[in-house]
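There are 4 protein chains.
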Amino acid sequence: MEKTTAILLLSCPDRKGIVAGVSKFVSEHNGNILDAAQYSVQPENMLFMRVEWDMEGFTLSRDDLKEAIAPLAGQFSMKWKIHFSDYLPKMAIFVSRHVYCFHDLILRHQMGEFRAEIPLVISNHLDMKPLADHFGLTYRYYPITTENKAGQEKKEIAELEKEGVDLIVLARYMQILSGEFVRRYHGKIINIHHSFLPAFAGSSPYQQAYDRGVKIIGATSHYVTEMLDEGPIITQDVIKITHKDSVDNMKLKGKDLERIVLAKAVRLHLEHRILVHGSKTIIFD
Amino acid sequence: MEKTTAILLLSCPDRKGIVAGVSKFVSEHNGNILDAAQYSVQPENMLFMRVEWDMEGFTLSRDDLKEAIAPLAGQFSMKWKIHFSDYLPKMAIFVSRHVYCFHDLILRHQMGEFRAEIPLVISNHLDMKPLADHFGLTYRYYPITTENKAGQEKKEIAELEKEGVDLIVLARYMQILSGEFVRRYHGKIINIHHSFLPAFAGSSPYQQAYDRGVKIIGATSHYVTEMLDEGPIITQDVIKITHKDSVDNMKLKGKDLERIVLAKAVRLHLEHRILVHGSKTIIFD
Amino acid sequence: MEKTTAILLLSCPDRKGIVAGVSKFVSEHNGNILDAAQYSVQPENMLFMRVEWDMEGFTLSRDDLKEAIAPLAGQFSMKWKIHFSDYLPKMAIFVSRHVYCFHDLILRHQMGEFRAEIPLVISNHLDMKPLADHFGLTYRYYPITTENKAGQEKKEIAELEKEGVDLIVLARYMQILSGEFVRRYHGKIINIHHSFLPAFAGSSPYQQAYDRGVKIIGATSHYVTEMLDEGPIITQDVIKITHKDSVDNMKLKGKDLERIVLAKAVRLHLEHRILVHGSKTIIFD
Amino acid sequence: MEKTTAILLLSCPDRKGIVAGVSKFVSEHNGNILDAAQYSVQPENMLFMRVEWDMEGFTLSRDDLKEAIAPLAGQFSMKWKIHFSDYLPKMAIFVSRHVYCFHDLILRHQMGEFRAEIPLVISNHLDMKPLADHFGLTYRYYPITTENKAGQEKKEIAELEKEGVDLIVLARYMQILSGEFVRRYHGKIINIHHSFLPAFAGSSPYQQAYDRGVKIIGATSHYVTEMLDEGPIITQDVIKITHKDSVDNMKLKGKDLERIVLAKAVRLHLEHRILVHGSKTIIFD
Numbered sequence: 001m002e003k004t005t006a007i008l009l010l011s012c013p014d015r016k017g018i019v020a021g022v023s024k025f026v027s028e029h030n031g032n033i034l035d036a037a038q039y040s041v042q043p044e045n046m047l048f049m050r051v052e053w054d055m056e057g058f059t060l061s062r063d064d065l066k067e068a069i070a071p072l073a074g075q076f077s078m079k080w081k082i083h084f085s086d087y088l089p090k091m092a093i094f095v096s097r098h099v100y101c102f103h104d105l106i107l108r109h110q111m112g113e114f115r116a117e118i119p120l121v122i123s124n125h126l127d128m129k130p131l132a133d134h135f136g137l138t139y140r141y142y143p144i145t146t147e148n149k150a151g152q153e154k155k156e157i158a159e160l161e162k163e164g165v166d167l168i169v170l171a172r173y174m175q176i177l178s179g180e181f182v183r184r185y186h187g188k189i190i191n192i193h194h195s196f197l198p199a200f201a202g203s204s205p206y207q208q209a210y211d212r213g214v215k216i217i218g219a220t221s222h223y224v225t226e227m228l229d230e231g232p233i234i235t236q237d238v239i240k241i242t243h244k245d246s247v248d249n250m251k252l253k254g255k256d257l258e259r260i261v262l263a264k265a266v267r268l269h270l271e272h273r274i275l276v277h278g279s280k281t282i283i284f285d
Numbered sequence: 001m002e003k004t005t006a007i008l009l010l011s012c013p014d015r016k017g018i019v020a021g022v023s024k025f026v027s028e029h030n031g032n033i034l035d036a037a038q039y040s041v042q043p044e045n046m047l048f049m050r051v052e053w054d055m056e057g058f059t060l061s062r063d064d065l066k067e068a069i070a071p072l073a074g075q076f077s078m079k080w081k082i083h084f085s086d087y088l089p090k091m092a093i094f095v096s097r098h099v100y101c102f103h104d105l106i107l108r109h110q111m112g113e114f115r116a117e118i119p120l121v122i123s124n125h126l127d128m129k130p131l132a133d134h135f136g137l138t139y140r141y142y143p144i145t146t147e148n149k150a151g152q153e154k155k156e157i158a159e160l161e162k163e164g165v166d167l168i169v170l171a172r173y174m175q176i177l178s179g180e181f182v183r184r185y186h187g188k189i190i191n192i193h194h195s196f197l198p199a200f201a202g203s204s205p206y207q208q209a210y211d212r213g214v215k216i217i218g219a220t221s222h223y224v225t226e227m228l229d230e231g232p233i234i235t236q237d238v239i240k241i242t243h244k245d246s247v248d249n250m251k252l253k254g255k256d257l258e259r260i261v262l263a264k265a266v267r268l269h270l271e272h273r274i275l276v277h278g279s280k281t282i283i284f285d
Numbered sequence: 001m002e003k004t005t006a007i008l009l010l011s012c013p014d015r016k017g018i019v020a021g022v023s024k025f026v027s028e029h030n031g032n033i034l035d036a037a038q039y040s041v042q043p044e045n046m047l048f049m050r051v052e053w054d055m056e057g058f059t060l061s062r063d064d065l066k067e068a069i070a071p072l073a074g075q076f077s078m079k080w081k082i083h084f085s086d087y088l089p090k091m092a093i094f095v096s097r098h099v100y101c102f103h104d105l106i107l108r109h110q111m112g113e114f115r116a117e118i119p120l121v122i123s124n125h126l127d128m129k130p131l132a133d134h135f136g137l138t139y140r141y142y143p144i145t146t147e148n149k150a151g152q153e154k155k156e157i158a159e160l161e162k163e164g165v166d167l168i169v170l171a172r173y174m175q176i177l178s179g180e181f182v183r184r185y186h187g188k189i190i191n192i193h194h195s196f197l198p199a200f201a202g203s204s205p206y207q208q209a210y211d212r213g214v215k216i217i218g219a220t221s222h223y224v225t226e227m228l229d230e231g232p233i234i235t236q237d238v239i240k241i242t243h244k245d246s247v248d249n250m251k252l253k254g255k256d257l258e259r260i261v262l263a264k265a266v267r268l269h270l271e272h273r274i275l276v277h278g279s280k281t282i283i284f285d
Numbered sequence: 001m002e003k004t005t006a007i008l009l010l011s012c013p014d015r016k017g018i019v020a021g022v023s024k025f026v027s028e029h030n031g032n033i034l035d036a037a038q039y040s041v042q043p044e045n046m047l048f049m050r051v052e053w054d055m056e057g058f059t060l061s062r063d064d065l066k067e068a069i070a071p072l073a074g075q076f077s078m079k080w081k082i083h084f085s086d087y088l089p090k091m092a093i094f095v096s097r098h099v100y101c102f103h104d105l106i107l108r109h110q111m112g113e114f115r116a117e118i119p120l121v122i123s124n125h126l127d128m129k130p131l132a133d134h135f136g137l138t139y140r141y142y143p144i145t146t147e148n149k150a151g152q153e154k155k156e157i158a159e160l161e162k163e164g165v166d167l168i169v170l171a172r173y174m175q176i177l178s179g180e181f182v183r184r185y186h187g188k189i190i191n192i193h194h195s196f197l198p199a200f201a202g203s204s205p206y207q208q209a210y211d212r213g214v215k216i217i218g219a220t221s222h223y224v225t226e227m228l229d230e231g232p233i234i235t236q237d238v239i240k241i242t243h244k245d246s247v248d249n250m251k252l253k254g255k256d257l258e259r260i261v262l263a264k265a266v267r268l269h270l271e272h273r274i275l276v277h278g279s280k281t282i283i284f285d
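Protein chains in written order, with the numbering used here: chain H, 1 to 285; chain D, 1 to 285; chain Z, 1 to 285; chain V, 1 to 285.
The hints are simulated quantities; they were obtained by calculation from the structure and are not laboratory data.
Incorrect hints may appear among the rest.
Copies of the same chain look alike in the list, so a pair counts if it fits in one copy or across any two.
Taking lysine-lysine pairs in the DSBU-like style, the calculated list, with each CA pair at most 30 Å apart, reads [unchecked claim]:
#1 LYS66 to LYS162
#2 LYS244 to LYS16
#3 LYS240 to LYS162
#4 LYS253 to LYS188
#5 LYS154 to LYS24
#6 LYS240 to LYS280
#7 LYS253 to LYS81
#8 LYS253 to LYS24
#9 LYS129 to LYS16
#10 LYS244 to LYS81
#11 LYS240 to LYS81
#12 LYS244 to LYS280
#13 LYS155 to LYS129
#14 LYS3 to LYS253
#15 LYS264 to LYS81
#16 LYS240 to LYS149
#17 LYS3 to LYS244
Please take these sequences and the hints and turn them into a complete structure.
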């Protein structure tokens, strides 16, 4: 039996007494802190903190908790969010025609690597439908053209709302989401880019890498913002290559990277281990 | 100007209120916690913690601090140690005839990578004396034979005591220290072994690696215990090799690993980021 | 359109004229060498060589080729084998209850990463049958007990013979094959072990790694020999861990390693890039 | 006693018979090929080749060799160069005020890692002179201003010519060499840049990396061309970082990378393992 835990994520101007204040709050209500981490960044003088405690024996109900924490939060001008580990976040996967990231996510989900439900798969192609069907996933097909894009996104959003989706994972989704879409799901869309950003942003990064003659290729998962490929980076990994690696060979090697890097980002997000600070992420793992 | 900080390392049976108790203690005396990390291990149910706070404005003197913390420590049955960042630990280097780890440590020290003094270099050979001289280091020569070993170690210990040495770094020192020596400096001797332990313990690890045909070689830094090559591991790193790598080539590649792995372990120790739990280390970095 | 190529693998005592002899042979019959690599090992004084050439315009038929090469092979006392890239090797997968390596192999096969057919999946459990069915793979179920082992292996061998299987991949197959079986498929069985061998051979390597407190875990693919976990290593990879990683967490991280390491070994074998020399592999990639 | 070897590097349009022609040439004159590697790049249809053979018993003198190879080279329109392993290339080091790459190169040289002489160290500062003196190296001081740059470079070139320098290593030399200088030593100047190029070209790459919030930093060694940071890449390596790494901490971690990456590039060059093809390198290691 896994413990049910509460996870408090907060940020505020750094000053004396915050760590003590938060841990005292948990302790006073009989919570046992399982993990706590904080990070103070200069010159912004901002503190970021993640505290996780066991809910067993905790004397506040979930509703009361939110009220009870308000004075502390007010005192230190905290922005905060609380999550409970027994809630399964709802994750939608957007996919186009590349199978490997999509298949990998499903397989990991099936093996229990993600604490999440997958109520929805959205695609602008039909290629992945048989696979989704095999795994019993709901598959919605929204082909995109320049003309119908705005309308299709509206339908997609309606589906996402209906299912109460908390996280959108772009598993090599080959469409650029509109600014409106991105703003609506700010901090809730994770993309995988097949280069070690900021190198080789944009299209055909492996071709770019080949043309430049680099000795290392990479993959980057990041939150999607309105600026393409410039959102806060969550995880990156690389692999060595040589002059012998053709573009096709890079794609082959890159697939392994992309899968691992994307899966890791999804896991970190689902475990509430990421705080965004401007264009960067703070990752408490 | 760097801040002067206090670093509290502690371990105790895990139960509710420890994190809160410690952070309240710091906060009550007007300390600003800069970094705090804890780790709870099951089934032992032990908590390990490292807390670092700014000494500026802290209302307890260093002597008073030790007294003031006693009730808290007693309440939770803590084992604890406190360090202050303005004390420069005294580090002795033991070396034989291999220059690279020794030279690397000196160079890093000179570049300010280590918060430490090096009052003493001890060797069973004279080879490194010119280098020590060039860097103005005190070099003591104690050749070791089966017959004189016990006596020479006594002299070495006398030197170490005289200089108040806090940490002994074996920079490819090719002598096995006696059990008595090791016990006296328990948790204070760091060695570098040129394999990814537990593979290829003992002598000639690169030859062993060659004979086995591995595709990866490594290096391991660890605290020295009476059981050769079995002390708690601090850091490890590896590098890929191929069938083309001769034993000499492995040695060449391994040198880079050994230097980096040893230097990292020394830095972690000097920054008081390591807690030893049985045969393992907990590293708060 | 991919080129059809011939791949000659050979080993012989090293002396002058071998490289020249082989390349002259190819050239005389109007073959264009696309890739050639050799490796000479001392003190054994053995030469290992892999030569690949374009079959387009090559003036010898496949049957004639084998005859025509005989004098050269005799002159230098070569052991040699020739492969043609338009033959698809037949690969059988042995699996028990762990899905991830099996699923990964199938997915890679489907994406065209392996030049091979998969005529047969053999298992001592029924768990993976639905997955095999979904991908249209023939699944044979041979439960193993101490009593029936010899008999079941005979049936397995009959199936393997019937299908003309060239390579057996143990995708976390949790049975030890008999010496007779292993000898019959000498150099044709690839296993994945979830540690960086020779560390943590045998069972429960992640538990062993946890108990030892290593900072790196690994995976090793190797040819199966009668000595468990001691066959020639093909590929290895590692990942860093910390004290925070539980055994379960290691298993999770290790899965990614195991998949990549096994897939790479299979690809190298299928591309005829591996020569075995005693307990080691020579890999021309 | 190490063997004396000949190393032939060549490039030419790819067609049948080149490998055979070259190996026959070596074999006819009683040379034993120790290592041979080739690489054919499409769609340029260019072949690059490196052949190394034992000079013992080789029937051509060095002078005759150059004449004897001419017909073969003519037949295939080869560009070629030949090196002999008993010639020690002359390597000049350019350095400014950062000690670590410079010191590392000297130490490696002293340990025998480089087959080279270091007849000259050139600097625009005096900081490194004591170190050069300690190691008995000739140190030339040429302070650079906008006004005197052209004149100082002339003097530097005169020194380099006088010493017959074959390779210039920029060990964190903080001056941009003029186009004239770079053209004169085309393919003979190796630089170390402290980022994984093409990301973070130009100045302050660690600050750029910090600002972008990447999770990996790198180092790149490359040949210097007139386009700053755009020359052919020789080696790259990376290290993982987290949000906790300040710019200073990145610099610290990066130092290890820079040293290893630069040393590896120097070694590859000195062993004649690099061929340049346009903006890329082909590395036969």
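Hints that the structure is at odds with (numbers, increasing): 3, 5, 8, 9 and 16
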